Amino acid sequence: MSSFVAPYKGKPAMLALFIDPHQLVDAIVALREQGYRGLDAATPFPVHGLSEALGMGPSWMPRVTKTAFFTGATLGLAFQLWANGWTWPINVAGKPFFSVPASMPITFECGILCAAICTFYAVFIAGRLYPVTNFELLDSRITNDRFALFVPTGGQNVEATERLLQKLGAQEVQQLG
Amino acid sequence: MSRDNTLQQQADAARREPPMYRADLTLTQVTRDISAPITGEPNGWWWAGFLISVALLGMGSAIVTYQLNYGLGLIGLMHPIMWGTYITNFVFWVGIGHAGTLISAILFLLRQRWRTAINRSAEAMTIFAVCCAGLFPLLHVGRTLLAFWLIPYPNFRYLWVNFRSPLIWDVFAVSTYATTSLLFWYQGMIPDLATIRDQEKRPLARKIYSIFAQRWKGTAADWHHYESAYGLFAAIATPLVLSVHSVVSTDFAVSTLPGWHDTIFPPYFVAGAIFSGFAMVVTILSILRKAFHLEDYITLDHMELMNKVILGTSMIVGYAYILEVYMAWYGENRYDWHIYVWIRFLGTYAWAGWLTIFCNVLTPLIFWFRKARRSLVVMFIVSIIANIGMWFERYVIICTSLAQDFLPSNWGYFRPTIFDIGVLVGSFGLFFTLFLLFARFVPTIAMSEIKAVLHHPVGEISGSPTLEESHV
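Chains L and G, in that order, are what the protein sequence lines are.
Residue 80 in numbering that gives the first Met the number 0 is what sits at position 81 of the first sequence, and the numbering runs on without skipping anything.
Residue 1 in numbering that gives the first Met the number 0 is what sits at position 2 of the second sequence, and the numbering runs on without skipping anything.
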């Protein structure tokens, strides 16, 4: 969802700004109870309980890291086995060409390297992050000191929504679209 | 568990702990204070520090250029001591880096919330220290143009590196460490760069921060994945940081030289690394908090906790020193006894051995006193002494074992030249140049993390522009 990017091009909606993260979470719960759907929130720091209030499942990041770690480690081990045990065996002080303990450091580092790079890019893919020169948020204070709530108003009474948001503690309410 | 329970428990937990930051700090104030050095003009002290650092860096670069042309004979390397100050500097700088990862990863997993004030600058320090460290093995190989032979790359002669060698483990460990630290650091910085992007008024600066902030919006889904990834990064960086200095120590421990061939080396090196790294964090932060007026964020409590870590790790290092001597005595190995006791504490290198003991074991003991732990002057001096001591610890380890090996006809004594010292000073120039640029262009404190642990994380109402005014 890119509902917080200016200029707004989506369906009619409302943007409510709160100054207190607790009010934001309470407002989301109240709005969902009243049948509002498609809510989204943007905050200056990770607010605990927010993803649960919005009904998000667990993040899929751990699966990326786990898979990448074991893939990287396996490739690292296989490469050492192939290079030193098969294609270019060097006799160093009569030691075995390939032995598991001596290959553990590099196996481990390959796993970590792969896990780190994949986790890093997974966050970029999950949040659709990419570099642009002229990014504008709907309100520049969302990354500073305001907690923004995005409420699609399709099929809802606009005035009633606005009154409800104000009652829930919103400092400012603005219509979008 | 319902949402209210979680929030309630968090609030309860926060109330039980003494407040870490001033209770009246608002979100707006945090942004204002921490972005001030970036959006404002640098003061004279910054320029003075920067120019001195660049001058030192220039001097170091000139010596290195001369050395590449002239050869390794320029520095004090001479038979039998073929690992001199370059390897000492390498181990020293890798060690310095360890505190950053410890703070960002291990203290995160241990739920030490005080780390939020110092993790960004400590991680920056890690990356710059690893930059300095990475240079030295490349210079030390002599034919630096061929240093890429260390990397197993496909070549038409089908030659591969020897993966059983700790020197190749080092290549993998240090490069993985540098990459992972850089990615972790940048990932953690994206939300703060977005904050700067949205505060920035100058058009060009805004464009640059916009590029590096990667369209960060701070939506619930963004934070959800970000937090998950942050925890995972911490989980993979924790074993990584322990592995890096362990691998560095195997450069020595896997050999058969007395003084190097020692099973205690991996934990002993890691403890020493954390000790020197925290000392460097204390040195830098005691200046940074004053220069950028961040006393409200990097409080004396933070400094005291770091000094406790210094005290703790210094005792582990002291234990390792004693254990080495004990094992030499208990093992009845005359070569071990010769290195560990005779050369290091009684003979030719006794000055360095006792300097190490004085700096790393005795001086930090002053931190048993609460007054000393909370005195900026004391901690600044002790932290610098600790790092001098840690440099000489590596010097002692490397030089004593090489200076007098099994054959007395081989014996020698290491004399660093002026160029050895120049390159070391130049590496400090590189480190501080990078650090000062970081302090100028990047939020030195993780704003989003500070905001999350404030006592009352609310925004200010008065003084902020309204929605209509700020809307572009």
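Warning: the hint list may mix true and false statements.
Unchecked claim - Some but not every residue of chain L turned toward chain G, in silico, with C-beta under 8 Å: (1) Pro45; (2) Asp144; (3) Gln170.
To be verified - From the derived model, a few chain G residues whose C-beta atoms are all more than 10 Å from chain L: (4) Leu50; (5) Ser52; (6) Leu239; (7) Leu354; (8) Ile384; (9) Ala402; (10) Asp404; (11) Leu436; (12) Val441.
The set of hints was computed from the structure by calculation and includes no laboratory data.
Predicted model only: the values in this text are computed from it and were never measured.
We put the beta carbon where it would ideally sit given N, CA and C, even for glycine.
So, going through the hints one by one against the coordinates:
Nearest Cβ of chain G to the Cβ of L:Pro45: about 4 Å, under the 8 Å cut. The hint holds. A hinted interface residue such as L:Asp144 counts as satisfied when its beta carbon comes closer than 8 Å to some beta carbon of chain G; here the least separation is about 3 Å, so the hint holds. Here the hint on L:Gln170 is kept, as its CB sits about 7 Å from the closest CB of chain G, short of 8 Å. At roughly 31 Å from the closest C-beta of chain L, the C-beta of G:Leu50 stays outside 10 Å, upholding its exclusion from the interface.
Consistency note on G:Ser52: stated as away from chain L, and its beta-carbon is indeed over 10 Å from all of that chain's, at 29 Å minimum. Residue-level check failed: G:Leu239 sits 5 Å from the nearest beta carbon of chain L, not beyond 10 Å. At the 10 Å boundary, the C-beta of G:Leu354 stays outside the reach of chain L, the nearest C-beta of that chain being 32 Å off. At the 10 Å boundary, the C-beta of G:Ile384 stays outside the reach of chain L, the nearest C-beta of that chain being 33 Å off.
Here G:Ala402 stays apart from chain L, with its beta-carbon at least about 24 Å from theirs, past the 10 Å limit. With a cut of 10 Å on Cβ distances, G:Asp404 stays outside the contact zone with chain L, its closest approach being about 18 Å. Every Cβ of chain L is farther than 10 Å from the Cβ of G:Leu436; the closest lies at roughly 20 Å, confirming the non-interface assignment. No beta-carbon of chain L is positioned within 10 Å of the beta-carbon of G:Val441; the least distance is around 15 Å.
Consistency note: the structure conflicts with earlier hint 6 alone.
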